[in-house]
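**Student:** Residues per chain, in single letters:
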Amino acid sequence: MELFKKEPTIKFIKNTDNKKNIIKILLFLLSLIIFISIKGISLSMEFTGGTQIEIEFSSNIEILDIKNLLTKQEQKNVKITHYNTKKNILIKAHKNLQEKKILEKINIVHKKIIIKKVEYIGSELSSTLFKNCLSSLIITMLITIVYITIRFTYSFALGALLALLHNFIITLSFFSILSIEINLATISAILAILGYSINDTVVIFDRIRENKKKYKNINTIDIVNKSLNQTLTRTILTSFLTLLSVVMLLIFGGETLVSFSIALIVGIFAGTYSSIYVSCCFFIKNNNNTIKY
Amino acid sequence: MLINIKTFKAHLVLFVLLIIISLIYLIPNFFKDELYISVETTKNENIEYIYKKLKKNLSTYKLDTNIHIKKKKIKIYAPTIKQQEKIKKITESILKHNKKCKILKKKKLKTPKFFKKIQAKALKLGLDLKGGVHFLIKVDTTQNNSQENTIFITKLQETFYKKKINYIKMKNKNDKITIKFNTEKNTEKIYLYLLKKYKNIKIVKNNKHLYIKNKDNISNTNQNTVILQQTIDILKNRIEALGITETIVQQQGTNKIIIEMPGVFDIIAAKRILGKIATLEFYIVDENNNSTKINNVKTVLDKNNNKINLKKEILLRGESITNATNYIDQQTNKPVINIFIDKKKTIDFKNNTKKNIGKLMGIVYKEIKEVSNNNLKKKILHEKIINIARIATPLGETFQITGLNIEETKELTILLKTGSLPANITIVEEYLIGPSVGENNIYAGITSIILGVLAIFSFMFLYYNLFGFFANIVLFINLLMLLATISFFNITLTLYGIAGILLTLGMAIDANVLIFERIKEELKLKKTIQESINDGFKMAYATILDSNITTFLIGFVLYLFGHGVLKCFATTLCLGILTSLYTTLFGTWLLILLYLKKNTKINKLPIGISL
Chain A
1 MELFKKEPTI KFIKNTDNKK NIIKILLFLL SLIIFISIKG ISLSMEFTGG
51 TQIEIEFSSN IEILDIKNLL TKQEQKNVKI THYNTKKNIL IKAHKNLQEK
101 KILEKINIVH KKIIIKKVEY IGSELSSTLF KNCLSSLIIT MLITIVYITI
151 RFTYSFALGA LLALLHNFII TLSFFSILSI EINLATISAI LAILGYSIND
201 TVVIFDRIRE NKKKYKNINT IDIVNKSLNQ TLTRTILTSF LTLLSVVMLL
251 IFGGETLVSF SIALIVGIFA GTYSSIYVSC CFFIKNNNNT IKY
Chain B
1001 MLINIKTFKA HLVLFVLLII ISLIYLIPNF FKDELYISVE TTKNENIEYI
1051 YKKLKKNLST YKLDTNIHIK KKKIKIYAPT IKQQEKIKKI TESILKHNKK
1101 CKILKKKKLK TPKFFKKIQA KALKLGLDLK GGVHFLIKVD TTQNNSQENT
1151 IFITKLQETF YKKKINYIKM KNKNDKITIK FNTEKNTEKI YLYLLKKYKN
1201 IKIVKNNKHL YIKNKDNISN TNQNTVILQQ TIDILKNRIE ALGITETIVQ
1251 QQGTNKIIIE MPGVFDIIAA KRILGKIATL EFYIVDENNN STKINNVKTV
1301 LDKNNNKINL KKEILLRGES ITNATNYIDQ QTNKPVINIF IDKKKTIDFK
1351 NNTKKNIGKL MGIVYKEIKE VSNNNLKKKI LHEKIINIAR IATPLGETFQ
1401 ITGLNIEETK ELTILLKTGS LPANITIVEE YLIGPSVGEN NIYAGITSII
1451 LGVLAIFSFM FLYYNLFGFF ANIVLFINLL MLLATISFFN ITLTLYGIAG
1501 ILLTLGMAID ANVLIFERIK EELKLKKTIQ ESINDGFKMA YATILDSNIT
1551 TFLIGFVLYL FGHGVLKCFA TTLCLGILTS LYTTLFGTWL LILLYLKKNT
1601 KINKLPIGIS L
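These protein sequences, in sequence, are chains A and B.
Be aware that the first sequence starts at 1, since it is given in the numbering used here, and climbs by one per residue.
Be aware that the second sequence starts at 1001, since it is given in the numbering used here, and climbs by one per residue.
Isolated chain A, as found in the complex (with noise of 0.2 angstroms):
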């Protein structure tokens, strides 16, 4: 089976003014920034703090049944709502909770209570998880410059950094327009799709390489082209095959990993995008019209 009988001949990238398509992504960039900054993302309670409780009862139960049980302090301080059907029950606070007190109210009146999870992480310990993953983010998009520098030269790296800027702006607006809650997990997703996407950007900068020794008198975008259509079968499989895995893991993973599957998702997505659109913007950029003798 194969996808393409001949060698696919599409014009990815357009023999136009590439300062302008530069400008156009940095643009669309800039402006999902601000939409994010606008509607903020929604942060899990591993970065914020607090405590959470989730009691499953034996038979439905109303929200008002169990505020009525809390004191009016209390009361101002946490968020109840359902969790998955009706019988469960998810207690939110940001503050430290007196979770025996409570756990023991409800009990009274409820015999049959099963604790499924009491989580607590006091603000300090959050803060510090906050600057551990940004300094992680740093320093991965400085890894892949400095070795992207080494391996080819900087015109790809700043693609390269363009690309993975692009990958990680637009997941996190996916997640910022569905109000989608961002945990560790999703973090250690975006990282991990930071690190697959640059595995396909180096492929095909490694195609671009040896396309530009082999034909010496072909100008950039032409080469740039060629190199895409020549990777285009193995790009589109490569990302099909992961995206079945993740797929599995997000149909059969269980609450605790929806929040990454669906990082990891929409991070193959704008990964294969940038890697084809937006990785080689500079090295064109940089080497339009050179035709070496």
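To be clear, the hints were calculated from the coordinates, so they are not data collected in a lab.
Among the clues, some could well be false.
Said to hold, decoys possible - With a cut-off of at most 20 angstroms between alpha-carbon atoms, the simulated DMTMM-like pairs for lysine to aspartate or glutamate come out as follows:
(1) A:LYS213 - B:ASP1535
(2) B:LYS1089 - A:ASP222
(3) A:LYS212 - B:ASP1535
(4) B:LYS1298 - B:GLU1287
(5) B:LYS1359 - B:GLU1281
This structure is a prediction, so every number in the text was calculated from the model and none was measured.
Given the coordinates of chain A, assemble chain B onto it according to the supplied hints.
**Tutor:** Positioned in the frame of chain A, the structure of chain B alone reads:
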């Protein structure tokens, strides 16, 4: 190509050997551990009676076939961790009135001895797959500062004495030392002296006052490490004394400790025993009520809330207690703690009690409790006199005390036995994962891997025909080797680790796709079969290395900077990249070569081209 015909056989042998070793290290996973509840009693309790009582009551739960008695020990078997928890609760409720029974959860490993010898263990499952409690504890090392200040103050006092300088008062509060002198001249003298001698303090002079602060707010790191290690040892002992096995007590960072107790589901009880700082102190009761010497007297409430005056000099401190055991006194039916004192302190204690024969001795139970008051957690000192006894003879190395109820006695024994914590601890992170959640997660993880692998398999076979099948075999071997490596290094596998495995599988197949696409391209350029394969591998080689190394670097960064969830994910990612590099570059190559050897005369490679 790096493998030529001569080394082909060697590489084949190595590959097969590695597969066999991986399989051996994976076998322990197939031996299911035996989970059971053990019921033990003290010598005088009739174990047969307990057994009959349990058997009768368990029949209502249809568990009477699970109970066995052997050599005065009762075992109740449980099929899963969830069941084990249930059965424990049922047993505890049946034996509510038999307080002398010890009911514990136990696990017996059933792997044959051979595997233990080669260090082959079953995969270690993380908390989110087994269920249990997790705490992150911060050890308060700032107390260290006030200790240093005490030493500093003593030095200062010596200096003042030597220089014959009088000071009116000296206070040490919140890391700041305040000294008031009688003349400004003296203040100036000391100020200059201190500035010269001590480089790492900050001094402010104000008329007759000097305010001194230790500039190094960072405590001596060596002492911190010692305190942290002591805390870890004590916490470990406390948990073991409770009969909880398989706990993880580890240092994290410079001042934090992670505690994970799989299979423990009562988070509130666990917190109580961990955070408790309690000890005993022995005082002489001030029977004459000398109100003139108020400074020498301490007032503590006894059990009936009467105020008792105690003379401030401590007869015996909790730190001098080296061991404690508890039992029920046969005659009085009251719980008793048997206390053993450090040999060095015995002489002093003996002398002191000899001096005070005939006087009343008060035993004070001292506990630092955490109280939550409108969202503020405060620590308060709680003291209670648990017993007053007249000293009849000088007390020696061991003696008994009474006065607490049975729960308090048990807890205090553990606390005395394991020692008091050297520093205050606060819980900064805690979570409990219920047993059903754990089981669901395992199920979810396994299903995702199996389905993911199946999906990849079907697609590869469809697209690349026979060579796709080779890639599938290599992928499967990759999975085996990865799991074996994780088992061997005893890395804890969590749900995120499983996600890392899935991601590596996706990337591993990518390497194969690269190779196959390259081979197809070379074939289209009308090269011979052998040439196409060699060139295909050669050209794909550099790309595969490049891309995998970058991902590996990122995984490495995650491993260094992350902890907990991130670290596990990063570990499986990095290990997975290593195994997939090996299996793809060597495994696929070996399989293709084997195929070529058996089919020397072919025109068309079964690689999915319909030429």
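**Student:** Taking the hints in turn, state whether each one holds.
**Tutor:** For each hint, the structure was consulted:
1. As the CA atoms of LYS213 (chain A) and ASP1535 (chain B) are separated by approximately 17 angstroms, the hinted pair is consistent with the 20 angstroms bound.
2. Simply put, LYS1089 (chain B) and ASP222 (chain A) have alpha-carbon atoms about 73 angstroms apart, too far for the 20 angstroms limit, and the pair is violated.
3. Straight-line distance between C-alpha atoms of LYS212 (chain A) and ASP1535 (chain B) comes to about 19 angstroms, which keeps the hinted pair within the 20 angstroms bound.
4. For the hint linking LYS1298 (chain B) to GLU1287 (chain B), the alpha-carbon distance of about 12 angstroms falls within 20 angstroms, and the restraint holds.
5. Between LYS1359 (chain B) and GLU1281 (chain B), the direct Cα distance comes to roughly 16 angstroms. Compliance with the 20 angstroms bound is thereby established for this hinted pair.
When the structure is compared with the earlier hints, a violation turns up for hint 2 alone.
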